[in-house]
Amino acid sequence: MYKDTFRTLVKRLLKHISPKEKEQFLVDITKHLYETEWWEQADTIGITISRNIELDTDPIIQQAWKQNKAVVIPKCYPEDDHRMEFYQYTNKHELENVFLDLYEPKKDLNKLVQPQEIDLLIVPGLLFDYDGFRIGYGGGYYDRFLENFLNHKISLAMEQQLVKHIPRDQYDLPVDAIITEKSIYTI
Numbered sequence: 001m002y003k004d005t006f007r008t009l010v011k012r013l014l015k016h017i018s019p020k021e022k023e024q025f026l027v028d029i030t031k032h033l034y035e036t037e038w039w040e041q042a043d044t045i046g047i048t049i050s051r052n053i054e055l056d057t058d059p060i061i062q063q064a065w066k067q068n069k070a071v072v073i074p075k076c077y078p079e080d081d082h083r084m085e086f087y088q089y090t091n092k093h094e095l096e097n098v099f100l101d102l103y104e105p106k107k108d109l110n111k112l113v114q115p116q117e118i119d120l121l122i123v124p125g126l127l128f129d130y131d132g133f134r135i136g137y138g139g140g141y142y143d144r145f146l147e148n149f150l151n152h153k154i155s156l157a158m159e160q161q162l163v164k165h166i167p168r169d170q171y172d173l174p175v176d177a178i179i180t181e182k183s184i185y186t187i
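Quick note on numbering: UniProt numbering labels position 44 of the sequence shown as 44, and the sequence is numbered without any gaps.
Accuracy of the hints is not assured; some may be wrong.
[What the hints assert, rightly or not] The calculated lysine-lysine pairs, modelled on DSBU-like cross-linking and capped at a C-alpha distance of 35 Å, are:
id, residue 1, residue 2
1, 75, 111
2, 66, 111
3, 3, 15
4, 69, 15
5, 31, 66
6, 31, 107
7, 164, 111
8, 31, 3
9, 111, 15
10, 15, 92
11, 22, 107
12, 107, 164
13, 182, 11
14, 75, 107
15, 15, 107
These are computed hints drawn from the structure, not numbers from a lab.
Owing to the predicted nature of the structure, the values given are computational and were not obtained by experimental measurement.
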């Protein structure tokens, strides 16, 4: 199967998981997340603003702020070789709707954060395997960013999003761990 087929199937699956179920999964996942050294030691967290079918990242962002952690979110540049930059995020007024339910920060060079300043990067995805590889939305933004990212990178997923193996391309890069409602899979 090609990655696009996997994307279509997983999106369909995610649409059929009720908001209440996703909320409970998120409670269990974040309980594991907040107990990790990665979270505890991080001063700056990189995370996306979740899309409608994904696990809600807002509670994670709120928890980071409560713990005086800086939160940075990505802005994608499709016209510039699918480059991605991270900007400090402090409130929803800093967001713009760039496509359907995708929200990104407005470009503000005063809030631009360099990759080495991000202590923990929470990498989104639709499907994951036990080797830390993922299928995202298909733009390749994270794989390009991860090429030069040296700090901790993890993903959060429901167990239904884990499979034994997904197809990989030569430029695909794994995360260090995947945290689910049941476990932390360290790669």
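Here's how the hints hold up against the structure:
Restraint check for residue 75 and residue 111: satisfied, since their Cα atoms lie roughly 12 Å apart, inside the 35 Å limit. Annotation: proposed proximity of residue 66 to residue 111 holds, straight-line Cα distance about 20 Å (limit 35 Å). A C-alpha spacing of about 18 Å is found between residue 3 and residue 15, which places the hinted pair at or below 35 Å, so the restraint holds. The straight-line distance between the Cα atoms of residue 69 and residue 15 is roughly 31 Å, inside the 35 Å bound, and the hint therefore holds.
Note on residue 31 and residue 66: the hinted pairing holds, with a Cα-Cα distance of about 15 Å set against a maximum of 35 Å. Restraint check: the Cα-Cα separation between residue 31 and residue 107 comes to about 33 Å, which is no more than 35 Å; the hinted pair holds. Simply put, residue 164 and residue 111 have alpha-carbon atoms about 39 Å apart, too far for the 35 Å limit, and the pair is violated. For a cut-off of 35 Å, the pair hint linking residue 31 to residue 3 stands: about 31 Å separates their Cα positions.
Between residue 111 and residue 15, the direct Cα distance comes to roughly 34 Å. Compliance with the 35 Å bound is thereby established for this hinted pair. With a C-alpha separation of about 25 Å, the suggested pair residue 15 and residue 92 falls inside the 35 Å cut-off, and the hint holds. Between residue 22 and residue 107, the direct Cα distance comes to roughly 31 Å. Compliance with the 35 Å bound is thereby established for this hinted pair. The suggested pairing of residue 107 with residue 164 is violated, with an alpha-carbon distance near 39 Å, which exceeds 35 Å.
Taking the CA atoms of residue 182 and residue 11, the gap is near 21 Å; set against the 35 Å cutoff, the hint holds. Restraint check for residue 75 and residue 107: the C-alpha separation of about 8 Å stays at or below 35 Å, so the hint holds. A threshold of 35 Å between alpha carbons decides the hint, and for residue 15 with residue 107 the separation of about 31 Å falls inside it, so the pair holds.
In the structure shown, a violation is registered for the earlier hints numbered 7 and 12, in ascending order.
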